[in-house]
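K.L.:
Given next are the chains, with one letter for each unit.
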Amino acid sequence: QQQVKQSPQSLIVQKGGISIINCAYENTAFDYFPWYQQFPGKGPALLIAIRPDVSEKKEGRFTISFNKSAKQFSLHIMDSQPGDSATYFCAATLGNFNKFYFGSGTKLNVKP
Amino acid sequence: ETGVTQTPRHLVMGMTNKKSLKCEQHLGHNAMYWYKQSAKKPLELMFVYNFKEQTENNSVPSRFSPECPNSSHLFLHLHTLQPEDSALYLCASSLGRDPSSYEQYFGPGTRLTVT
Numbered sequence: 001q002q003q004v005k006q007s008p009q010s011l012i013v014q015k016g017g018i019s020i021i022n023c024a025y026e027n028t029a030f031d032y033f034p035w036y037q038q039f040p041g042k043g044p045a046l047l048i049a050i051r052p053d054v055s056e057k058k059e060g061r062f063t064i065s066f067n068k069s070a071k072q073f074s075l076h077i078m079d080s081q082p083g084d085s086a087t088y089f090c091a092a093t094l095g096n097f098n099k100f101y102f103g104s105g106t107k108l109n110v111k112p
Numbered sequence: 001e002t003g004v005t006q007t008p009r010h011l012v013m014g015m016t017n018k019k020s021l022k023c024e025q026h027l028g029h030n031a032m033y034w035y036k037q038s039a040k041k042p043l044e045l046m047f048v049y050n051f052k053e054q055t056e057n058n059s060v061p062s063r064f065s066p067e068c069p070n071s072s073h074l075f076l077h078l079h080t081l082q083p084e085d086s087a088l089y090l091c092a093s094s095l096g097r098d099p100s101s102y103e104q105y106f107g108p109g110t111r112l113t114v115t
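Here the protein sequences come in this chain order: A and B. For the first sequence, the positions run 1 to 112 when this note's numbering is used. For the second sequence, the positions run 1 to 115 when this note's numbering is used.
In case anyone wonders, no lab produced these hints; they're calculated from the structure. All figures in this text were calculated on a predicted structure; none of them were measured in a lab. Think of the CB as a built atom: it goes at the ideal place given N, C-alpha and C, for glycine as much as any other residue. Among the hints, erroneous ones may be present.
Said to hold, decoys possible - Quick list of simulated restraints, FRET-style, between CB atoms:
| no. | chain 1 | residue 1 | chain 2 | residue 2 | range |
| --- | --- | --- | --- | --- | --- |
| 1 | A | 15 | B | 65 | 45 to 53 Å |
| 2 | A | 42 | B | 30 | 17 to 25 Å |
| 3 | B | 52 | A | 18 | 25 to 33 Å |
| 4 | B | 22 | A | 69 | 42 to 50 Å |
| 5 | B | 52 | A | 14 | 35 to 43 Å |
Using the sequences plus the hints, can you model the full thing?
P.N.:
In structure tokens form, the structure reads like this:
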């Protein structure tokens, strides 16, 4: 059973547009929700993360919106750039890397 | 570069071969991990080592055998693999085990093809 469901599978956005990737979870015990960015030929790298007691976190052009009641969280990339083209993974954890669950990934293509 | 290196970057092996994947980190981290990444599927945690001791084995078939001789090196020994084992194998490391306090650093992966 997939612990974290991610959508869409792929996304095409024009340069300057907003990219939105959504994730949903069932286990209310999850206590940390990171997002990872992966470029071709590279491993995933931590992008931004949020705890469930916060509804929004912003770092530069990247924002996580968190809806605890709906058990959903999303990544918004404002003013999307071609350099943002990568695969993005959401994740959820139970306080330990041994209990770390990834979504299936969203491949983002930002067109110039 | 993240400080986590993996060799080889690409590997093609037959189902009867024996090969090993190597991971190395010089970040002073205490925990190391093996993940399997298949197309359009979530990353699957395979093994976790903390201070050289295996603390997690997520029901991985015995044809995958990990080894952690010290905190800086991690190996994944492969034998009698199946074509469905073809995937990107990622190594990662972290200073501690709590994701909210410590970042996990990934290597670039080994692209494995089983023929």
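K.L.:
Take a look at whether the Cβ-Cβ distance between residue 52/B and residue 18/A falls inside 25 to 33 Å.
P.N.:
Roughly 46 Å apart at Cβ, these two residues miss the hinted range, so it is violated.
K.L.:
Evaluate the given range 35 to 43 Å for the C-beta pair formed by residue 52/B and residue 14/A.
P.N.:
50 Å, violated
K.L.:
Range hint 45 to 53 Å: satisfied by the CB atoms of residue 15/A and residue 65/B?
P.N.:
Given about 47 Å between the Cβ atoms, the range holds.
K.L.:
Does the Cβ pair residue 42/A, residue 30/B satisfy 17 to 25 Å?
P.N.:
24 Å, holds
K.L.:
With 42 to 50 Å as the target window, see if residue 22/B and residue 69/A comply at their CB atoms.
P.N.:
Check passed, 46 Å falls within 42 to 50 Å.
The structure fails to meet hints 3 and 5 from the earlier list, while all remaining hints are met.
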